[in-house]
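Chemist: Generate coordinates for the entire structure from the input sequences, incorporating the hints supplied.
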Amino acid sequence: MPVHQTTLTIRTRGQGTHEITEPVARELARSGLVRGLVNVFCQHTSCSLVIMENADPMARRDLEAWLDRLVPEKDPHFEHTQEGPDDMPSHIKMALTRTSETIPFADRHLMLGTWQGIFLWEHRRAAHSRGIVVTVMGEA
Amino acid sequence: MPVHQTTLTIRTRGQGTHEITEPVARELARSGLVRGLVNVFCQHTSCSLVIMENADPMARRDLEAWLDRLVPEKDPHFEHTQEGPDDMPSHIKMALTRTSETIPFADRHLMLGTWQGIFLWEHRRAAHSRGIVVTVMGEA
Amino acid sequence: MPVHQTTLTIRTRGQGTHEITEPVARELARSGLVRGLVNVFCQHTSCSLVIMENADPMARRDLEAWLDRLVPEKDPHFEHTQEGPDDMPSHIKMALTRTSETIPFADRHLMLGTWQGIFLWEHRRAAHSRGIVVTVMGEA
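Residue numbers (our numbering), protein chains in the order written: chain E, 1 to 140; chain D, 1 to 140; chain W, 1 to 140.
Where chains are identical, the list cannot tell them apart; a pair therefore holds if satisfied intra-copy or between any two copies.
Listed below are the simulated SDA-like cross-link pairs for lysine to any residue, each with C-alpha atoms no more than 25 Å apart in a straight line:
(1) K74 x W115
(2) K74 x R13
(3) K74 x D56
(4) K74 x A55
(5) K74 x E64
(6) K74 x N54
(7) K74 x G16
Worth flagging that the hints you see were computed from the coordinates, not collected in a lab.
Modeler: Okay, structure coming up:
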């Protein structure tokens, strides 16, 4: 069975969700495969993935702000603090969301719902360069 | 490699978990495949998936009620409110649970543990019709 | 397409994260496959999976302690209590983390990031024997 695989380098601009639906769809197109599964994998522990509404950006801002309130910086219980006050909250936010997502495709198109977009969620304050592996498997 | 794929339409009756193990197992049987992976994908951002105990329904009610307390409606911080007070909490609950699950099978059977069931978790108050894509890949 | 599949039995020593990167990598090596996807599936509803930093163990302890504070035992709302005070919190912690992870591999190696390890997260107080299914699919 054919496997198409690439590591995308995504530049984030600090905390927030960053849509990656387009580059993932581009890898699917490049694979030449017709029907199967696309796996998206985040190679980091201080950013994560989420499939979220991509219509109203306010919905994403509300989601981000809610998670910031759930996992505040400067929690006096944290002991792993040498990488900065935003590091430990980043690991927790990552654990509560996703590292891998596997998405079906048919007729060469991602079977996302009407309002779904794939997002890389940067949890660190600083801009980072992130590795996202896209693997396409299925019928030619 | 053979790929079997269907979109199930699941009717929910408002907030709560709705078991879909049976229809997923039925698609696996229809695929004719013997060993591999079944991917279940939720095409929405206000409902989600979870693999949870299917023995005592009280365990699921406790889980649902706990998440309702963690993400209450009418949070004054929410700005994305035009789709109703249950919309933004639904997106958050979705992000904290799962959009895709990939489950192994062998001898034509899902390798779920004794107490595991696959559930569609409706987060909106109203009944909805939900699209769940089931993709089976593996050895014939 | 070739499929390699095994159920690992992992002995936990009570609450906490338990690294399983090595046994998963060993199954990948045994498969003989070169490029594709490895699926790791947890057959239980009171333990779960997470891909987390494996450098500083303090980061994991902070993550575990944070989740313990979010989901305390003896919540007076719980009704599913007959299996002990740590049972219902275990189900909730499982639902907030992951049951399945799908990880790409190339050149016979897991494409994990530098700091990523795969962990089985035991949520029960007692030691348990846990079934983790590893399925490898891809190009020979």
